[in-house]
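Please model the entire structure based on the sequences and the hints provided.
The chain contents come next:
2 protein chains.
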Amino acid sequence: MELHILEHRVRVLSLARSGLWLYTHPLIKLLFLPRRSRCKFFSLTETPEDYTLMVDEEGFKDEETGTQRRAAPVGVPASGRGHLAGAERVVPQRSSGASGGGHEDCPLGHRAAGRAPRVCADAVHLPDGLHPGPNPTVHPIQSPQNRFCVLTLDPETLPAIATTLIDVLFYSHSAPKEAAPGEPGPSSITFFAFSLIEGYISIVMDAETQKKFPSDLLLTSSSGELWRMVRIGGQPLGFDECGIVAQIAGPLAAADISAYYISTFNFDHALVPEDGIDSVIEVLQRRQEGLGS
Amino acid sequence: MELHILEHRVRVLSLARSGLWLYTHPLIKLLFLPRRSRCKFFSLTETPEDYTLMVDEEGFKDEETGTQRRAAPVGVPASGRGHLAGAERVVPQRSSGASGGGHEDCPLGHRAAGRAPRVCADAVHLPDGLHPGPNPTVHPIQSPQNRFCVLTLDPETLPAIATTLIDVLFYSHSAPKEAAPGEPGPSSITFFAFSLIEGYISIVMDAETQKKFPSDLLLTSSSGELWRMVRIGGQPLGFDECGIVAQIAGPLAAADISAYYISTFNFDHALVPEDGIDSVIEVLQRRQEGLGS
Numbered sequence: 001m002e003l004h005i006l007e008h009r010v011r012v013l014s015l016a017r018s019g020l021w022l023y024t025h026p027l028i029k030l031l032f033l034p035r036r037s038r039c040k041f042f043s044l045t046e047t048p049e050d051y052t053l054m055v056d057e058e059g060f061k062d063e064e065t066g067t068q069r070r071a072a073p074v075g076v077p078a079s080g081r082g083h084l085a086g087a088e089r090v091v092p093q094r095s096s097g098a099s100g101g102g103h104e105d106c107p108l109g110h111r112a113a114g115r116a117p118r119v120c121a122d123a124v125h126l127p128d129g130l131h132p133g134p135n136p137t138v139h140p141i142q143s144p145q146n147r148f149c150v151l152t153l154d155p156e157t158l159p160a161i162a163t164t165l166i167d168v169l170f171y172s173h174s175a176p177k178e179a180a181p182g183e184p185g186p187s188s189i190t191f192f193a194f195s196l197i198e199g200y201i202s203i204v205m206d207a208e209t210q211k212k213f214p215s216d217l218l219l220t221s222s223s224g225e226l227w228r229m230v231r232i233g234g235q236p237l238g239f240d241e242c243g244i245v246a247q248i249a250g251p252l253a254a255a256d257i258s259a260y261y262i263s264t265f266n267f268d269h270a271l272v273p274e275d276g277i278d279s280v281i282e283v284l285q286r287r288q289e290g291l292g293s
Numbered sequence: 294m295e296l297h298i299l300e301h302r303v304r305v306l307s308l309a310r311s312g313l314w315l316y317t318h319p320l321i322k323l324l325f326l327p328r329r330s331r332c333k334f335f336s337l338t339e340t341p342e343d344y345t346l347m348v349d350e351e352g353f354k355d356e357e358t359g360t361q362r363r364a365a366p367v368g369v370p371a372s373g374r375g376h377l378a379g380a381e382r383v384v385p386q387r388s389s390g391a392s393g394g395g396h397e398d399c400p401l402g403h404r405a406a407g408r409a410p411r412v413c414a415d416a417v418h419l420p421d422g423l424h425p426g427p428n429p430t431v432h433p434i435q436s437p438q439n440r441f442c443v444l445t446l447d448p449e450t451l452p453a454i455a456t457t458l459i460d461v462l463f464y465s466h467s468a469p470k471e472a473a474p475g476e477p478g479p480s481s482i483t484f485f486a487f488s489l490i491e492g493y494i495s496i497v498m499d500a501e502t503q504k505k506f507p508s509d510l511l512l513t514s515s516s517g518e519l520w521r522m523v524r525i526g527g528q529p530l531g532f533d534e535c536g537i538v539a540q541i542a543g544p545l546a547a548a549d550i551s552a553y554y555i556s557t558f559n560f561d562h563a564l565v566p567e568d569g570i571d572s573v574i575e576v577l578q579r580r581q582e583g584l585g586s
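Line by line, the protein sequences give chains A and B. Per the working numbering, residue 1 is the first one in the first sequence, and the count goes up by one each step. Per the working numbering, residue 294 is the first one in the second sequence, and the count goes up by one each step.
The set of hints was computed from the structure by calculation and includes no laboratory data. There's no promise every hint is true.
According to the in silico footprint, chain B covers these stretches of chain A (three or more CB under 8 Å from chain B) [stated by the list, open to error]:
1. 19-25
2. 32-41
3. 163-171
Only some residues are given here: those of chain B computed to face chain A with a beta carbon under 7 Å [unchecked claim]:
4. 314
5. 317
6. 318
7. 325
8. 326
9. 329
10. 452
11. 455
12. 456
13. 460
14. 464
Where a beta carbon is used, it is the ideal one built from N, C-alpha and C, also for glycine.
Set out below in structure tokens:
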């Protein structure tokens, strides 16, 4: 396996769900108007808690410009540089204070560091073992009922799904007039991930949400498999804690189960093939018993 | 000729150019997500001074919702109901105070009433004559060099031009890196009008701007003629002054010159066929001399 270290310096930001509308202008620019921005790394992931935005320095400047023009000054932490998705997080300079949540006046915050730094088992060294360090915190896992698609799209055809994508990203939190049949039930999770990194688009969405998009533009793997999610973290994970990815990825690799991993500001998410979800949960629960004992 | 009085109660609002980004979220909803809004009358016109927004009560509620969620409270006048484009304006209850302009903190304002009410020659009674009332104010006219297209579009194909339309409407004020050849010169005017009224779309844009759009989706009249603009008003027109439309439309009708008329918050705009612009200016200057004497 060859690893490429991308040169982008990426920031990880949390946007409150209730404050996303305020970022519509810079986000739409980053999403759909590549000629207006020099951003090469853009990722926006919706979770029940917040939107996690990852942008490189160029994209952050666009974002910041929008922020600074706002009527009310908003605390944009000047520091707190994150790393690439999947790599371990660094501790933001602003090491206290809750983030995310429903702060109408301050929708932007860096992932709060909830724990003291531990010995690092860098995600890049994954197969080092199941035990990422001495006395690691074993994080509880949840497995919502949704079935997810992992999709891509030719960037040239992105304009063709623009209005649908805008609808799903910026207006889905509006309560629909009436719940459509097949809408995710209460045991499902709100989750939507879009990334545009060096011209490559990745989208993870609920299979129900996919029905809103034109069927001929979104591409998936030839098997067309659906994925289930394992969500890691009972309470928000800290940026300073190491080994979180390893304690999930290790057991899955050992059991020969493929995984698609997405970190967000508060929690981590491993997508696994639908057929394997039962054995995944079994494997991870065994890990929990093993590490927790 | 049959006249239909639409039932919409329409508000006329001025959005400062520097504040438009703050309205991106509600405006995109009104423009592109008809299923999310009950708005049936929407019109947004960009001029060098501001953006004029006309929406019915349903659309205004959407707009207001966005406004109220803003970090800083913004003065949204609760009164000041306008009438349909082309009809005479009513005096807003807020009868003093400047509007538009560059107020960063208050980008929304109703057209300020600049003059005392005069005897009304309602625009609906146009052929009543060239003299709309005793001692009418003769407003100076300008004729910028741009050539304009008057276009329409099947609402079903609106999503296909969404990103271009968003780019032109919400991001065109960003200074381009370098001026493209054929860019409007200093004697040209920034003007773009989009309306979506009961499912019918009308767009007026500069012929240069049209080149940014896919050529096969925008429809125009079979003659494909281009239009020139006559802009009425040396200083902002008042909502309470009557007969402004008539003093332009009358002479043009008498000279058998067709006109496409667009009122905005501050000024009025008559588009006339390119071939006729010289005689139009002559006709209107004669009017000026006649009325002014």
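Verification of the hints:
no., hint, result
1, 19-25, "holds (count 4)"
2, 32-41, "holds (count 3)"
3, 163-171, "holds (count 6)"
4, 314, "holds (4 Å)"
5, 317, "holds (4 Å)"
6, 318, "holds (4 Å)"
7, 325, "holds (5 Å)"
8, 326, "holds (6 Å)"
9, 329, "holds (6 Å)"
10, 452, "holds (4 Å)"
11, 455, "holds (5 Å)"
12, 456, "holds (4 Å)"
13, 460, "holds (6 Å)"
14, 464, "holds (6 Å)"
The structure fails none of the hints (numbered hints given earlier).
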